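Using the sequences and the hints, build the whole thing.
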Amino acid sequence: MKMVDLLKVSYLVPEIQRQVSRHHLNVFDGSFVLKNGGKDYTTDVDRIVEQELSSRLHEEFPGTAVLGEEETSADENSRFMWVIDPTDGTAVFATGGEYFSSSIALIDRENGTVPFGSVYQPRRGRQFIRNNLYCGAPDICVRLRIQVLSEYQDDFVVFRPERSQSSSMTDMLVCAVATSKYLPQHPGLKEKLDRLFRKERVPIIDREYGMINAKPASGSSALYLCDTASGNRHGAILYFQKAWDLAVGALFARDAGCVVTCSTKGIELEGEDIEKVIAGCSRNTLVNCAVYANQDVKNTVERMMNTNF
Numbered sequence: 000m001k002m003v004d005l006l007k008v009s010y011l012v013p014e015i016q017r018q019v020s021r022h023h024l025n026v027f028d029g030s031f032v033l034k035n036g037g038k039d040y041t042t043d044v045d046r047i048v049e050q051e052l053s054s055r056l057h058e059e060f061p062g063t064a065v066l067g068e069e070e071t072s073a074d075e076n077s078r079f080m081w082v083i084d085p086t087d088g089t090a091v092f093a094t095g096g097e098y099f100s101s102s103i104a105l106i107d108r109e110n111g112t113v114p115f116g117s118v119y120q121p122r123r124g125r126q127f128i129r130n131n132l133y134c135g136a137p138d139i140c141v142r143l144r145i146q147v148l149s150e151y152q153d154d155f156v157v158f159r160p161e162r163s164q165s166s167s168m169t170d171m172l173v174c175a176v177a178t179s180k181y182l183p184q185h186p187g188l189k190e191k192l193d194r195l196f197r198k199e200r201v202p203i204i205d206r207e208y209g210m211i212n213a214k215p216a217s218g219s220s221a222l223y224l225c226d227t228a229s230g231n232r233h234g235a236i237l238y239f240q241k242a243w244d245l246a247v248g249a250l251f252a253r254d255a256g257c258v259v260t261c262s263t264k265g266i267e268l269e270g271e272d273i274e275k276v277i278a279g280c281s282r283n284t285l286v287n288c289a290v291y292a293n294q295d296v297k298n299t300v301e302r303m304m305n306t307n308f
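FYI, in numbering that gives the first Met the number 0 the residues of the sequence shown are 0 to 308.
Hint data in this document are derived by calculation from the structure and do not stem from the laboratory. If you're wondering where the values come from, they're calculated on a predicted model, not measured in any experiment. All the pointers check out, no bait thrown in.
Here are the in silico distance ranges between beta carbons for each label pair:
no., residue 1, residue 2, range
1, 204, 111, 43 to 53 angstroms
2, 204, 269, 34 to 44 angstroms
3, 59, 196, 42 to 52 angstroms
4, 122, 55, 14 to 24 angstroms
5, 76, 208, 49 to 59 angstroms
6, 205, 122, 38 to 48 angstroms
7, 294, 27, 35 to 45 angstroms
8, 197, 279, 29 to 39 angstroms
9, 178, 301, 14 to 24 angstroms
10, 59, 169, 44 to 54 angstroms
11, 208, 54, 46 to 56 angstroms
12, 209, 78, 46 to 56 angstroms
13, 164, 199, 20 to 30 angstroms
The beta-carbon is built from N, C-alpha and C at its ideal position, and this holds for glycine as well.
Right, here's the structure in full:
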């Protein structure tokens with residue numbers, strides 16, 4: 000893949016993503032398809048979006064491979080690989096919610112990097128773009144759709160995300176989840192995560208508070224991490240994630256200045272290089288990852304999770 004093609008990625012792929020994600024705005028017929036031995040589910044929309052994205056990316060960028068959550072398997076010999084999550088937050092999408100997204104990342108396996116990624120929230124018209132294609136200095140921005148009524152078309156405002164500087168537990172919005180099909184293999188992890196949200200007395204005002212459990216019933220991990228980078232959330236502790244869950248959001252947050260730790264070797268987060276971890280992922284790799292808006296959030300979360308009753 001030549002450099003001129005990499006430059007093409009930055010302006011073409013976000014547009015392709017927005018076009019294909021229009022499928023998410025159609026009326027959903029309520030049809031679910033079980034997968035992974037009945038332990039998970041998908042929809043026809045997930046499959047259509049992944050197939051169309053895969054086809055468009057292969058057409059525009061010949062020689063690249065595609066790894067998709069649904070069915071698409073990557074060629075292990077390809078240097079450049081697209082990682083696609085067609086609908087991150089399928090349950091939210093299928094039940095008429097809005098906190099779901101599509102996610103696309105470009106991985107360079109030879110260099111162990113993720114030079115480009117985009118998360119798009121169709122129902123809100125928000126797009127989080129991470130671009131590291133030019134000079135090694137990541138550029139991140141949020142594109143927000145607005146209606147230009149006089150011209151009957153969409154337009155966008157573009158801004159750089161600004162993470163929260165909060166040090167107060169009383170307003171911390173944190174998500175702490177572990178994928179249910181892997182959770183039984185790790186006794187005690189659920190209790191550890193639940194411990195995070197117990198109340199404690201705040202001396203300065205002599206009242207009990209707990210940080211806000213911002214975990215949705217379901218939803219987009221990628222979108223949550225991008226919202227943490229943008230100051231709308233404060234942290235996420237995510238266990239047993241796949242490459243498509245983290246490839247954009249975790250790096251978008253890191254480049255916005257958030258504190259990011261991860262591990263592929265055990266439950267305890269050990270501070271592995273998240274970009275190299277993602278670039279080396281296969282379909283079956285499980286990654287544990289934590290993203291914090293700032294060091295104060297990290298300190299509070301770790302203290303709460305390690306405190307004994």
